[in-house]
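Engineer: Combine the two chains into a complex, taking the hints into account.
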Amino acid sequence: MNEHKNKVVGIWLLIGVGMIFFQVILGGITRLTESGLSITEWDVVSGTLPPLNASQWNEVFEAYKASPQYELVNQGMSLSQFKMIYFWEYVHRLWARLLGFVFLLPFLFFIIKRYIKPIEALKYLSIFVLGGLQAMVGWIMVKSGLVDMPWVAPGKLTLHLLLASALYILTLRFALEKLTPKETKYYPKFLRGNIYFLLILIIVQISLGGMLAGWKAALAYPTWPTMNGEWVPTDLFALKPSWKNFLENKATIQFFHRITAYIIIFYVVFIYLKSQSMPVPKLFKRGRHIMLLLAILQVLLGITTLYLSKKGEVPVLFGVLHQACAFLLLMWTVALHYWFKYKEA
Amino acid sequence: MMLLKAASVNNLTDARYFNVLDNAYIGLNFDALNPKNVTIEKATQLIEWLFEPLLVAEFGLHQTKEEIAFILNKFPFSGWQVDIEHPCSHEDFGIQKWLTINDKLAFFDATLTQSAYLIFSEGNVPPQHLECKAILTDIVLDEHTHAAGMLTTLQTDGWNLHLPLEERPGWSSIDLVNELLEHIGH
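Sequence lines, in order, name chains D and W. One rule links them: number in the numbering used here = place in the first sequence (from 1) + 27. One rule links them: number in the numbering used here = place in the second sequence (from 1) + 25.
Excised from the complex, chain W in its bound form (with noise of 0.2 Å):
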């Protein structure tokens, strides 16, 4: 079954769909520099409304081992993600990691990545025998997204699912991951 992550999710809407998909994840984004992160409190408020998930943490580049030591020590996360080239991307915190890959392809550390999920972002091909968990590509979901000829031209284990933020309370981007999934058939 493919993976998939909800990327950044700052909803409750959002959160408690992914929350009753098989083999879904919710990233919750800790940068506070990202337009769609969560505060402590926030996220403490998502979670309290959701059943067993399975929660990562998500970090910018510029925050700290401490920090994201801090954060992860809040939450029950099953895994963490930053950047590939951040300083803490060799860091060890007992959950899954999860790596993002940014456009430059950056030269693979094969200890770095043999435990880790990498997550390319659209268009940006793995390089062959890769050691890696799992690889999923990112994906931005707007109206534009047309799912069926994704799924034929993408090889990947799992989609990193960026959802449009969320304009007002309330409203989400359920229907177009509806759309989606039904095609994946997840």
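Next comes chain D alone, as it looks inside the complex (with noise of 0.2 Å):
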């Protein structure tokens, strides 16, 4: 009966990884397609549903002009244009809305069927706290975008999609402790202790994103392998003091993004030849070939993402589909970490 209560109370919270990955999906559209700026409100309740006839159209198309995106880049746009762009960031916010009735009625029900342990509930509610948390990042994000400068600021972003990791990690963890049956060798930590690791880099990488989605750092340097000529760019410190870099420099940003892209590599490809020779658990075993696989992939993706965004414009195709792939090997970093955790000596 546990068996089956575990099992259900799992499926829930895998949903949960699949909707949110999701969501980071239309995050990465609304960004890569200038949408984020198009609804000018924050209404929880309201904002459910789009405008209905011409005239709810034209209210919510005379508050866009009003804003700096309108303004100074998108001046002239059509209704047409706009319902464009309106579309993507309403359904991103559809889809938060939805993900926390999926989050919040399940969880309700497994409380009162007792599915869940009071202790485990109280674990499950930091599910909550993070996305009512996310849900006010992203307000105050697009809120910066409305104000003076017609974009996001691209430490906000960063903020919104480390949140989003945090969220998925957590209920990735969440679920693989109902769903995966405990390990119960033991497993030298020298493997586990370097996962760890590469989970690290993978969520440093991850902030690196944000911040080249932020600033729009691809277009700067379309280049590869060196940055518009050069193996490391002239411009890389010029800001000072030298932290501001990293939050400002574009030079900055992407050459340390493709620094550890590099890095990430080596230590996947090290971590599998390595795992060759020693003893791993049955799932790693299957699943390391995913994660070398996920991590080839997403150098190719990121390459041929900068290289088309030569054109002066980040292809929105390849950016979500390299967008997609970095949490994909995040959530198969996370659960081959995870396989090795159940030991008993």
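Bear in mind the hints are in silico, worked out from the structure with no lab data behind them. Hints may be right or wrong, so weigh each one.
As the list claims (entries may be wrong) - One side only, chain D facing chain W, incomplete, derived with CB under 8 Å:
id : residue
1  : ALA265
2  : LEU274
3  : ALA278
4  : GLY339
As the list claims (entries may be wrong) - Chain W residues, not near chain D, derived (Cβ > 10 Å throughout):
id : residue
5  : GLU66
6  : GLU92
7  : ASN98
8  : ALA141
9  : GLU147
10 : PRO151
11 : GLU156
12 : ASP182
Unchecked claim - Covered stretches of chain D (chain W as the covering partner; in silico rule of three or more C-beta atoms under 8 Å from a C-beta of chain W):
id : stretch
13 : 33-39
14 : 89-102
This one's a predicted model, so the numbers in the text were calculated from it and none came from an experiment. We treat Cβ as the ideally placed atom computed from N, Cα and C, and that holds for glycine.
Structural biologist: Rendered as structure tokens:
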């Protein structure tokens, strides 16, 4: 009976993981199509419905026309063009609301039906706290692009992405706890430690990716393997103090995004090869091939996105695929790390 | 009369000097990675002391359309300047476009250059029959600049003068510019 309950709760959490993943993709599309600033209000309840008639459409379009993005960048945009950018931001927000329901309603049901113990319920509450925080940061981020600058603050965009990653990792961990049988063999800590380090590297890389997207830094150096002909860009630490370069300098952000990518691929290959000669859990044995495949695919997608950015626009499809692959690799690394967790000497 | 533009002005002495000259533009560089850049705050302070200046906003290769539009909206610029290879070089912000040509002689798209002021680096010869509003030549001013010699070799509609970096507040390169302008008779 307990096994059945665990399975049901695990599937619920896994659906949540899938929905968060899809939300990240929607976020990427929203960013790349520059749709994020199209809805200038934050109405949690009344915003659920889109404009339903011409007068409502005019109202939201007029509100957008007062934004710096319209005034400075999209002057003369037609209503049908506006509807397109509105669509992506609307779907992104609608999906967030849906996520809230998908987590909340079954959660209450599971508590009443005692599928979840009280101590576990407290643990799962962290998902709601993070989710609430994420929604708030999302709005703060959008607001940053409605006042003066016609773009969202890259730091806030990155924080939004990082919180999404945290929510994703946490939910996945909880799902794995419910769905994966506990490992009973003892395995050397060496590999698990290395996977943990890989996980940290991927999170750092996602942060750099967020900054890169926020600053549209791909457009500044759309060449590979060099950065506009230089292996190390001259402007790498042009800003003073040095730490400011990691927040505001496109050369620094893109350079370290590349370097971290090289380290990650090196690390993945290292873990892959090293694990061949070491005792590893069954699931890991199968999963490591996928890890290697995802890492290689991710590098190729990154380079392709960069190359196609030469035309002055980041290609939406490849940009989104690059982001999706990053989150798949993140998911897989969390799982690989987890499969080493439970051991009895 | 020769067109003059002081590139990347970042001190009040230089700005006021060019402000009173006829047909002279003051370039303000908004590329944070350029050592002679000005922030919006500094530009505000400089402009406050100028009388109806002809301002040109200069941008780096990495700056996006949004950043450019944002800066151009801040001050009454007469023109904006980017590298001809910048993805925004085709954009029209409703003011005069100045395009810099780097060392490589890029393939010129006539629709891009027709309405623009083109700035060629020193020693870089513009192609014949080039269609544009004006051709300027980059001049890097330092103690080795020989104004008289330059005049005999350059065929240009104007100069884009790169003044030495201000070493300390109040220090400027006006003497060098003065000498040059005397030769031109500006």
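Engineer: Each hint needs a verdict: does it hold in this structure or not?
Structural biologist: We went through each hint and held it up to the structure:
1. ALA265: 4 Å, holds
2. LEU274: Check failed: Cβ of D/LEU274 comes no nearer than 11 Å to chain W, outside 8 Å.
3. ALA278: 7 Å, holds
4. GLY339: 3 Å, holds
5. GLU66: Holds, since 13 Å exceeds 10 Å.
6. GLU92: 8 Å, violated
7. ASN98: 6 Å, violated
8. ALA141: It holds; W/ALA141 is separated from chain D by about 17 Å at its closest Cβ, greater than 10 Å.
9. GLU147: 20 Å, holds
10. PRO151: 24 Å, holds
11. GLU156: 23 Å, holds
12. ASP182: 29 Å, holds
13. 33-39: Per the Cβ count (0), the hint is violated.
14. 89-102: The restraint on the stretch 89-102 of chain D holds, since 5 of its residues have a Cβ under 8 Å from chain W and three suffice.
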